[in-house]
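Novice: This is what each chain is made of:
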Amino acid sequence: MKVLVKVIGPLIYKTGFSEKDLDLPPRTTVAELVTIIGIPADRPRITTRNGKAVLPEDEIEEGDKIAVSPIYSGG
Amino acid sequence: MNGWTGNILRVNLSAKSFKKETFTEEFAQKWVGGRGFAVKTLYDELKPGIDPLGPENKLIVALGPISGIPAPNTGKAVVAAKSPLTGFYGDGNLGTRAAEHLRKAGYDMLIVEGAADRPTMLYIEDDKVEFIPADEVWGKGTFACNEWIYAKYGKGVGVLNIGQGGENLNRVAVIRSLEGRAGGRPGIGAVMGSKKLKAIVVKGTRPIPQADPAGMKAAGFGDLRKVGQIDKETGWSIQSTTGVLPFCNEVGGLPVRNFRKTHHPLAWQVDGERCNNARIATYGCPTCTMRCGVTVRDAEGHESELDYENVALLGPNLEIFDIPQMASLNYLCDDYGLDTMSTGCILSFYADAIDHGAVAGDFKFGDAERAKELLRMAAHREGKIGNLLAEGSLRMAREFGHGSEAYAMQVKGLEVAAYNCKFIPGQALAFGVAAIGAHHREAWIITFEIRNTTRESYGPEKAAKVIELQRIRGGLFEFIVSCRFPWIENGWPLENYPKYFNLATGLNWGLEDMWTVADRIYSMIKLHFLREFPKASREDDYPPRVWFDPANADTEGPIAGKVLELDKYDGLLQHYYDQRGYDRRGIPTKATLLSLGLQAEAAAVEPYATLSD
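Respectively, the protein sequence lines represent chains A and B.
Per numbering that gives the first Met the number 0, numbering of the first sequence is gapless, rising by one per residue and ending at 74.
Per numbering that gives the first Met the number 0, numbering of the second sequence is gapless, rising by one per residue and ending at 612.
One or more of the hints may lead you astray.
Stated by the list, open to error - Below, a list of computed lysine-lysine pairs in the DSS-like style, where the Cα atoms sit at most 27 Å apart:
1. B/LYS561 <-> A/LYS13
2. A/LYS64 <-> B/LYS561
3. A/LYS5 <-> B/LYS225
4. A/LYS19 <-> B/LYS260
5. A/LYS51 <-> B/LYS561
6. A/LYS64 <-> B/LYS260
Derived from the structure by calculation, the hints contain no laboratory data.
Predicted model, so just to flag it, every value in this text is computed and none were measured.
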């Protein structure tokens, strides 16, 4: 399934990209995606699907836009 | 008294006189420093109703017990006065060598009274104070003023100065220091200008009193190194605060077009990745190992130091998606000594008011060249438009009428920082109850709100989070005086700060002791507000009304069709008041004030307004 993955802030220096279309196996979870793109599992982060927060165990669906961000704190 | 010098330098510009005063240990422990010293002093010494731009107002520079001591990240000072923008207590903090130098000169606080009869620079060197004519740089920007000062005294001195904005009493003028540091959003630079005080230069040569200098040195230098190492691991300072822009854009929290929109397809053009790619230099405050000043070249070739707030409010909020052009506006704000955040909101409000027919004009969103011209006019109060823009968005709205106050993006007169809370209830509360108006420095709960709660909630957990963060961000870091970034951005443990405090003072305080001081300071700022505005009501703690307007809802994206709900917001506000021990107006009750040891301060407000039991 095709999904658009957006990586935010300094996490882009882990993944090597800030935005990319990825072809993922069906039922890939958020946690699996984060590992696939090279972000250490223990790195604090917030992940959103189409602008809304999701949990690591949530499954990604065809056409989703997934954004992975560090935990920002508003300066 | 360890940790504090125990001294205040009081300068009177009218009389060209100065004296060294002392304060008691009781005062030190009750108010600690920085914001605490400033709020108590201004409350005791200013009569309610004075003109903030008159000689009766007092300008304060206040330090804390770890200011200027090498430890993470102590090179900051608090500047404060009665605000000409909001009409009550206002303050800000900025990175400056003046923090270390004032402490080494032997002072924890500088109080500037009166007004000079000609442009003046104050030069402080230990016990010596000089009043130096500054006509040569009056009318010049902060960068030229810095060069003039450096040529006289060398680059190592501490400098606080103003640009044309402060000189011309622009109500959002700030105080500036070093290359890109600024503080005092609610017009504290205009207070300095009203005193014809162009600059304060400080050189201190004496040791700062500490209870355990060897322990402090070991902990301070060691921890500075550790914070630097953590930052290298996280990579935070590669983009610094500019990195948050795409997150805000993704979740519908970015200010676009005077906050009308919450995201924009071109926002990526000014995001942290592009700002870092355009970087030509990096600047930071003294004693910092995670410097955050991402510096780029502006459209005219100047160095312009960026952070998220100025990128978002001078960029997308004006529908400008070009880094050099946005950076030009930022450079001009810095040189004129204007607050980048308020200026962005003022310009966007002006464009929006024209758009909505509230006023006639030729400024449109996206017009960077006209924005530069307007900014120059505002800094110099040139003509009718310049004078209007120099007043801030609330006064502009009252002049325009036609319901425009609803979309003047401010709370209590201070413009909203760069987070669009059209559908972020907890952060809207954080802006509503921020002590001095809609500042982001005191509580920022957007990630918590989105990740740990439901965004739709108006529950007590959000009020509790706002209070927790106010105690830390608006309290602890503002009264011990140091930068919150090592903790907030890189996870440096909070427990380190009582450790530094105890090494400096010889006391044995924990975080709970810090929260008591923080609550005392928040209550005092509320008393300031009440004394100036005896008809204070809970509506003063409401965010801009456009956030409640269904007609303003996004038509697409993550929060399509949603806006804040007024009755629910009011309920959230009540949770905050209940947890704080405030009455239905948002004013601390007598019982709350008593529990914080503020009996005398409560009595001082009663000739002007009533307090609830």
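Novice: Would you mind marking each hint as holding or not holding in the structure?
Specialist: Hint by hint, here is what the structure shows:
{"no.": "1", "hint": "B/LYS561 <-> A/LYS13", "in the structure": "35 Å, violated"}
{"no.": "2", "hint": "A/LYS64 <-> B/LYS561", "in the structure": "20 Å, holds"}
{"no.": "3", "hint": "A/LYS5 <-> B/LYS225", "in the structure": "31 Å, violated"}
{"no.": "4", "hint": "A/LYS19 <-> B/LYS260", "in the structure": "25 Å, holds"}
{"no.": "5", "hint": "A/LYS51 <-> B/LYS561", "in the structure": "14 Å, holds"}
{"no.": "6", "hint": "A/LYS64 <-> B/LYS260", "in the structure": "20 Å, holds"}
Consistency with the previously given hints fails for numbers 1, 3, ordered from lowest to highest.
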